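Work out the full structure: start from the sequences and follow the hints.
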Amino acid sequence: GDSVTQTEGPVTVSESESLIINCTYSATSIAYPNLFWYVRYPGEGLQLLLKVITAGQKGSSRGFEATYNKETTSFHLQKASVQESDSAVYYCALNYNQGKLIFGQGTKLSIKP
Amino acid sequence: GPKVLQIPSHQIIDMGQMVTLNCDPVSNHLYFYWYKQILGQQMEFLVNFYNGKVMEKSKLFKDQFSVERPDGSYFTLKIQPTALEDSAVYFCASSFLQDTQYFGPGTRLLVL
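Line by line, the protein sequences are chains A and B.
Residue numbering for the first sequence follows our numbering, beginning at 1 and increasing consecutively.
Residue numbering for the second sequence follows our numbering, beginning at 1 and increasing consecutively.
Source of the hints: derived by calculation from the structure; they are not laboratory data.
Because the structure is a prediction, the values reported are computed rather than measured.
Heads up, a few of these hints could be off.
Unchecked claim - Derived pair list, reagent style DSS-like, types lysine-lysine, alpha-carbon separation capped at 25 Å:
hint, chain 1, residue 1, chain 2, residue 2
1, B, Lys62, B, Lys78
2, B, Lys59, B, Lys3
3, B, Lys57, A, Lys51
4, A, Lys51, B, Lys3
5, B, Lys57, B, Lys78
6, A, Lys58, A, Lys79
7, A, Lys108, B, Lys3
8, A, Lys112, A, Lys79
9, B, Lys3, B, Lys62
Given below as structure tokens:
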């Protein structure tokens with residue numbers, strides 16, 4: 001079936017360092033699903049960080065980027081220089097077929113000041 | 001951004017009782033979803049709902065579960081009767097079309 005696998009947390013990065021959270025997917029129901037990164041900041045609800053619906057395209061938001069790579073079935077999240085406010089749990093997800101989302105397990109990110 | 005509200009934020013009930021979880025979706029949205037997350041596990045799709053009907057449900061959506069949105073009010077998830085394994089955080093989401101879903105903060109349900 002369809003699945004999403006991401007970097008197992010928790011992940012700790014020093015402020016101003018670079019970040020990569022890996023995400024790979026397996027989509028058996030449709031060749032090119034839509035891909036998402038959602039984020040949950042402490043005490044808040046899940047919110048969309050970025051999405052890409054076309055293979056080969058890059059999405060970006062708040063300094064984060066992710067490129068839809070259909071060859072490697074990956075959608076890694078990257079940021080060149082993290083800030084303390086980026087501490088959160090990040091979820092990679094895919095959808096197709098009437099919109100249900102399939103989530104990865106989440107990666108808890110902590111930023112060291 | 002658009003806000004989805006969920007009521008209550010926490011609920012503790014005894015096994016076998018009925019519980020109703022309420023979701024106030026974004027006002028012009030047409031598609032509604034429930035997801036379940038057991039502590040330490042992935043968030044998993046339960047059901048989606050459009051135009052008064054269930055569109056798709058997962059194997060987690062047991063016969064004891066039901067959803068409705070009477071007259072455009074709250075989108076509700078009812079569990080009757082509850083079981084111990086229903087303890088989880090339940091997230092509601094809504095979308096205008098089948099695109100970006102906006103999530104509520106979740107209802108933490110504990111079945112004793």
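The hints, checked one at a time:
1. For the suggested pair Lys62/B and Lys78/B, the alpha carbons sit about 11 Å apart, so the restraint of at most 25 Å is met.
2. Between Lys59/B and Lys3/B, the direct Cα distance comes to roughly 28 Å. Violation of the 25 Å bound is thereby established for this hinted pair.
3. With a C-alpha separation of about 24 Å, the suggested pairing of Lys57/B with Lys51/A holds against the 25 Å cut-off.
4. Taken as a hint, the Lys51/A and Lys3/B pair is honoured in the structure, with Cα atoms around 19 Å apart against an allowance of 25 Å.
5. About 14 Å separates the Cα atoms of Lys57/B and Lys78/B, which keeps this hinted pair within 25 Å; it holds.
6. For the hint pairing Lys58/A with Lys79/A, the CA-to-CA distance comes to about 13 Å; that is within 25 Å, so the pair holds.
7. A hinted pair counts as satisfied when its Cα atoms are at most 25 Å apart, and Lys108/A with Lys3/B qualifies at roughly 23 Å.
8. For the given pair, Lys112/A sits about 15 Å from Lys79/A by alpha-carbon distance, which is consistent with the 25 Å threshold.
9. At most 25 Å may separate the alpha-carbon atoms for a hinted pair to count; Lys3/B and Lys62/B exceed this at roughly 28 Å.
The structure fails hints 2, 9 (numbered hints given earlier, in ascending order).
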